[in-house]
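In order, the protein sequences belong to chains A and B.
Here the first sequence is numbered in numbering that gives the first Met the number 0, starting from 0 and rising by one per residue.
Here the second sequence is numbered in numbering that gives the first Met the number 0, starting from 0 and rising by one per residue.
If you are wondering where the hints come from, they were derived from the structure by calculation, not from laboratory data.
Every residue gets a Cβ at the ideal spot worked out from N, C-alpha and C, and that includes glycine.
Any given hint could turn out to be false.
[Claimed, not checked] Part of the chain B face toward chain A, derived, beta carbon under 7 angstroms:
| hint | residue |
| --- | --- |
| 1 | P61 |
| 2 | L215 |
| 3 | L226 |
| 4 | I228 |
| 5 | A231 |
| 6 | G232 |
| 7 | G239 |
| 8 | A240 |
| 9 | Y243 |
| 10 | S245 |
[What the hints assert, rightly or not] Not close to chain A: a few residues of chain B, all C-beta gaps over 10 angstroms, as computed:
| hint | residue |
| --- | --- |
| 11 | E35 |
| 12 | A169 |
| 13 | A300 |
[Claimed, not checked] Restraint ranges, calculated between C-beta atoms of paired labels, are given here:
| hint | chain 1 | residue 1 | chain 2 | residue 2 | range |
| --- | --- | --- | --- | --- | --- |
| 14 | B | V312 | A | I4 | 46 to 56 angstroms |
| 15 | A | A237 | B | L215 | 41 to 51 angstroms |
| 16 | B | S195 | A | P18 | 11 to 21 angstroms |
| 17 | B | V200 | A | M0 | 48 to 58 angstroms |
| 18 | A | E385 | B | S195 | 47 to 57 angstroms |
| 19 | B | R271 | A | L229 | 42 to 52 angstroms |
| 20 | A | A271 | B | S48 | 19 to 29 angstroms |
| 21 | A | F49 | B | P294 | 55 to 65 angstroms |
| 22 | B | S48 | A | L223 | 30 to 40 angstroms |
| 23 | A | W330 | B | I50 | 45 to 55 angstroms |
| 24 | A | L15 | B | P184 | 14 to 24 angstroms |
Spelled out from the first residue to the last, the chains are:
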Amino acid sequence: MRRVIILILLLLLMRLILPLGIEEGGPQSLLAFGFLILAAYSVGELAKQFGLPKVVGYLVAGLFFGPSVLAIVSEQVSEELAPVGNLAIALIAFLAGAELRWAEVKENGTKILKILGSELSISFVGIVTLLVVLRAFVPFLEDTTLVQALALAALFASIAIVHSPAVTLALLTETGARGPVARTTLGVVLVADVAVILLFSGALAGARAVAPAPGSAYTLSFGLVTWEILGSILVGAALGGVIALYLRFVQRELVMFAIVVAFFGAEIAELAHVETLLTLLTAGFVTENVSRGDAGEQLRRAMERSSAPVFVVFFALAGAKIAVVQVAALWYVVLPIVAVRALGIRYGTTIGARWAGATPKEEKHVWMGLISQAGVAIGLASVVAEAYPQRGPIIRDVMLAVIAINETMGPILFRQALVRSGEVDPRPQSELTRGTPGEGPGEGPGEAPGEAPGEAPDAA
Amino acid sequence: MSAALTLVLIVAVAYLATHLAFDWIARRLLIVSGAEYLVLGILLGPQVSGILTGDTLDSFAPFTTLALGWIGAIVGMQFFLPNLVRIRGIVFRLAFVEAILTLTFVGGLLTVAMAWMLDMSYVQAAFPGLAMGAIATVSAPTGIQVVASRIGRRHPVVHQLEVTSALDAAVAIAAIGILLCIGHPSPIGIARPLTSTEWAVVTLGIGVIGGVLFHLFLGEERDIDRLFISLAGAIILTSGAAAYLSLSPLLPALIVGAVLVNTSDNREEIERTLLTAERPFYFVLLIFAGATWEPSLRSWALPVLLFLAARGVGKIGGARLATRFSDEKEALGLDWGRALLGQGGLAIAIGLDYLQHGRLAVPNLVFTAAVASVLLTDLSSARLVRSVVMPFVTRDMGPEIARTLAEPGRKEADAPATDGDVASPDPSPDPTLEATTGAAPDDATGGNR
Numbered sequence: 000m001r002r003v004i005i006l007i008l009l010l011l012l013m014r015l016i017l018p019l020g021i022e023e024g025g026p027q028s029l030l031a032f033g034f035l036i037l038a039a040y041s042v043g044e045l046a047k048q049f050g051l052p053k054v055v056g057y058l059v060a061g062l063f064f065g066p067s068v069l070a071i072v073s074e075q076v077s078e079e080l081a082p083v084g085n086l087a088i089a090l091i092a093f094l095a096g097a098e099l100r101w102a103e104v105k106e107n108g109t110k111i112l113k114i115l116g117s118e119l120s121i122s123f124v125g126i127v128t129l130l131v132v133l134r135a136f137v138p139f140l141e142d143t144t145l146v147q148a149l150a151l152a153a154l155f156a157s158i159a160i161v162h163s164p165a166v167t168l169a170l171l172t173e174t175g176a177r178g179p180v181a182r183t184t185l186g187v188v189l190v191a192d193v194a195v196i197l198l199f200s201g202a203l204a205g206a207r208a209v210a211p212a213p214g215s216a217y218t219l220s221f222g223l224v225t226w227e228i229l230g231s232i233l234v235g236a237a238l239g240g241v242i243a244l245y246l247r248f249v250q251r252e253l254v255m256f257a258i259v260v261a262f263f264g265a266e267i268a269e270l271a272h273v274e275t276l277l278t279l280l281t282a283g284f285v286t287e288n289v290s291r292g293d294a295g296e297q298l299r300r301a302m303e304r305s306s307a308p309v310f311v312v313f314f315a316l317a318g319a320k321i322a323v324v325q326v327a328a329l330w331y332v333v334l335p336i337v338a339v340r341a342l343g344i345r346y347g348t349t350i351g352a353r354w355a356g357a358t359p360k361e362e363k364h365v366w367m368g369l370i371s372q373a374g375v376a377i378g379l380a381s382v383v384a385e386a387y388p389q390r391g392p393i394i395r396d397v398m399l400a401v402i403a404i405n406e407t408m409g410p411i412l413f414r415q416a417l418v419r420s421g422e423v424d425p426r427p428q429s430e431l432t433r434g435t436p437g438e439g440p441g442e443g444p445g446e447a448p449g450e451a452p453g454e455a456p457d458a459a
Numbered sequence: 000m001s002a003a004l005t006l007v008l009i010v011a012v013a014y015l016a017t018h019l020a021f022d023w024i025a026r027r028l029l030i031v032s033g034a035e036y037l038v039l040g041i042l043l044g045p046q047v048s049g050i051l052t053g054d055t056l057d058s059f060a061p062f063t064t065l066a067l068g069w070i071g072a073i074v075g076m077q078f079f080l081p082n083l084v085r086i087r088g089i090v091f092r093l094a095f096v097e098a099i100l101t102l103t104f105v106g107g108l109l110t111v112a113m114a115w116m117l118d119m120s121y122v123q124a125a126f127p128g129l130a131m132g133a134i135a136t137v138s139a140p141t142g143i144q145v146v147a148s149r150i151g152r153r154h155p156v157v158h159q160l161e162v163t164s165a166l167d168a169a170v171a172i173a174a175i176g177i178l179l180c181i182g183h184p185s186p187i188g189i190a191r192p193l194t195s196t197e198w199a200v201v202t203l204g205i206g207v208i209g210g211v212l213f214h215l216f217l218g219e220e221r222d223i224d225r226l227f228i229s230l231a232g233a234i235i236l237t238s239g240a241a242a243y244l245s246l247s248p249l250l251p252a253l254i255v256g257a258v259l260v261n262t263s264d265n266r267e268e269i270e271r272t273l274l275t276a277e278r279p280f281y282f283v284l285l286i287f288a289g290a291t292w293e294p295s296l297r298s299w300a301l302p303v304l305l306f307l308a309a310r311g312v313g314k315i316g317g318a319r320l321a322t323r324f325s326d327e328k329e330a331l332g333l334d335w336g337r338a339l340l341g342q343g344g345l346a347i348a349i350g351l352d353y354l355q356h357g358r359l360a361v362p363n364l365v366f367t368a369a370v371a372s373v374l375l376t377d378l379s380s381a382r383l384v385r386s387v388v389m390p391f392v393t394r395d396m397g398p399e400i401a402r403t404l405a406e407p408g409r410k411e412a413d414a415p416a417t418d419g420d421v422a423s424p425d426p427s428p429d430p431t432l433e434a435t436t437g438a439a440p441d442d443a444t445g446g447n448r
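Chain A with its partners taken away, still in its complex shape (with noise of 0.2 angstroms):
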């Protein structure tokens, strides 16, 4: 109930605030994203009371506070916190580095391989021919020959593919799971952003040349490519091995340090034109496994701490951005491409799973933790539509508004795996706090069992 007289509280004092903005004012972005976090906490809050994981709360506080419905945060304030979303993105590339083991790699490496092999495999081809069969229907590929429509839909579905590591490990830094389904969703879902870029920058490629789009200046070789994989590996392991460095002489201020990291990668990223993702992932796989001792985990947990403001921030941003009316009016072409989509990754992960010889739980709950979409998908979308003026915006907006459904049904999906897979307990928070004396909410066995106070924030 207290959260809920805040969020009415917090949406009084915007109304009362918002209309005496004068024009030599400060920017609205700093009064919005302070809103944001407190709105989306406050929100995250009650939806951990009910069961539901928290990155749920923030994606619907920003759907709800956001231009589609109450207008709170506009969309030129949403443009204007950009750079949150990309400081987030490269904290979570780096986060997500950091928890592969190299032990672990070696160990579950053909398995991952296996399994991501055959559940991407078997959705892009059902997406793909999904699209291709419905073409007629399909806003972005009407007046195409087949080549062409082939070409636009092995684009559309290589964006449609893609997994989210932000919620992934949004979820599992928020339960504290790390059984083996855990682990290795997080494995596959890690190691499909390597290929998935691959795949995308594939099938751009293909698409300039077949459908090209009027008046592009845009260029795409094999080299560039290359360069955008392996310079992203080269450019991330010399970053991680300077904050290993950093982290066996000096390891003062790691809360700054993090922040100072994400920053600096996603910067050096930009300019030696590689993949920022990539970068910030090798970066953190290459800091968790060279540094000495717990010093890894030391940063880690900074940056964890330092970035769970932003996450809030971030995932409330993409729910700002899902458009209900898009997402209403494309309901004939959305639906059968997350069906396709789920139904792809259902039994390519069955099949992989099987053949990598994996236990049967991660054969039959891994796919659940697979479903989510977000700033990655978002990101490449926009990609295509910046590529493509005319067809780009249809295909973006489709995307996002399969990304809509799939953010919103991933994390629960996801949670529910790691559920029933017994790797999380599935009673909710209100019910952990009263079960358990003397521990006080975020302490419970349920909310992050095997952690150490402070090792979960309620963000990331």
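Take the given structure of chain A and dock chain B to it, following the hints.
Chain B only, in chain A's frame:
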């Protein structure tokens, strides 16, 4: 290389270099400084190298606003009422008289002088004059903390200086907050323009409602991560609201800090969480302040020199005058105002706050005065405090103990035992006003407010 990347690199290198040497320098040489970041900002800014362009600075403006809010909240956290009521009334009276005398003397003198020198009306000149008065009122607590960490925090002079420094900060922030309400333009599209009083109510309202709201929000929360999210949101929202309405972010944030410290059971955790991020914000503020600095287009040298002289007279004279008519001459002497001459981040923050509201007269001149004062006094602030305090320590504790305590690197915990509690380590780690005015002694090299 992009400006943002350059900035990150320079800040990181400067931070590391300074940080590694900072504790040593502060303890050994009694130098507590943030001036190097200010100079670094000037060197990076459009006036010198141009690495940070005007556009880059504009894009980072929200960070500056946030830093202002964060500093305001930390100042507000000092005012924990149960501790305040335990302080003797005379200590407050002396502090308050010194603050008001400095504010009115410097503000009045500069108003008249600028009206005459810059050919402005008295009303026009009153805005920069009073802003300079507010800047003059601020005294850096860090020098006091460094000395307090050596000789004991409960010595009457040190205690007086701590209380005065905190009250100076509150008076200065209130002054700049109200000043920006008086010179506030009207919003577009509302039925009638708001009066200055109404803007002042809005400023206070943002602070009070914000504080109460965040008290509800924080509840009994003690987890440091959740506290960080909530506090970050609270201060960002408060500062953002003030900046959006073209008001001072310092005053509402101060009120939020004061409300939180007085209504929350977890005030120590809140204080600790705030202090965690103080230093980064302080450095960001100084660098951007330096980069934003522009030599005033009006003839600035004379008003700035007059400001520096008037501030010295105001501080020393104000303290002297206040003490002369009290019974504290024996305990404090007449020269304790000299220990308040050091200026740090808060002076820059107030100058920057005024500068960000470009509609008011001679913003660059006001800001230049703040920068000049910090550059002039920052390095010597701890030495000034020591020069005032040591004669009393020698008198009360004997020359041998005084010499031991004055040794470089010596902290109060290392001091020999004495009969009284003059040099004894503070038994309570309480970070609020009663014990100290900001960071704990061991963290005296912190924000240098």
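Hint check:
no.: 1; hint: P61; verdict: 4 angstroms, holds
no.: 2; hint: L215; verdict: 6 angstroms, holds
no.: 3; hint: L226; verdict: 10 angstroms, violated
no.: 4; hint: I228; verdict: 5 angstroms, holds
no.: 5; hint: A231; verdict: 5 angstroms, holds
no.: 6; hint: G232; verdict: 3 angstroms, holds
no.: 7; hint: G239; verdict: 3 angstroms, holds
no.: 8; hint: A240; verdict: 5 angstroms, holds
no.: 9; hint: Y243; verdict: 5 angstroms, holds
no.: 10; hint: S245; verdict: 4 angstroms, holds
no.: 11; hint: E35; verdict: 17 angstroms, holds
no.: 12; hint: A169; verdict: 23 angstroms, holds
no.: 13; hint: A300; verdict: 29 angstroms, holds
no.: 14; hint: B/V312 - A/I4: 46 to 56 angstroms; verdict: 52 angstroms, holds
no.: 15; hint: A/A237 - B/L215: 41 to 51 angstroms; verdict: 47 angstroms, holds
no.: 16; hint: B/S195 - A/P18: 11 to 21 angstroms; verdict: 19 angstroms, holds
no.: 17; hint: B/V200 - A/M0: 48 to 58 angstroms; verdict: 30 angstroms, violated
no.: 18; hint: A/E385 - B/S195: 47 to 57 angstroms; verdict: 49 angstroms, holds
no.: 19; hint: B/R271 - A/L229: 42 to 52 angstroms; verdict: 45 angstroms, holds
no.: 20; hint: A/A271 - B/S48: 19 to 29 angstroms; verdict: 24 angstroms, holds
no.: 21; hint: A/F49 - B/P294: 55 to 65 angstroms; verdict: 60 angstroms, holds
no.: 22; hint: B/S48 - A/L223: 30 to 40 angstroms; verdict: 34 angstroms, holds
no.: 23; hint: A/W330 - B/I50: 45 to 55 angstroms; verdict: 52 angstroms, holds
no.: 24; hint: A/L15 - B/P184: 14 to 24 angstroms; verdict: 19 angstroms, holds
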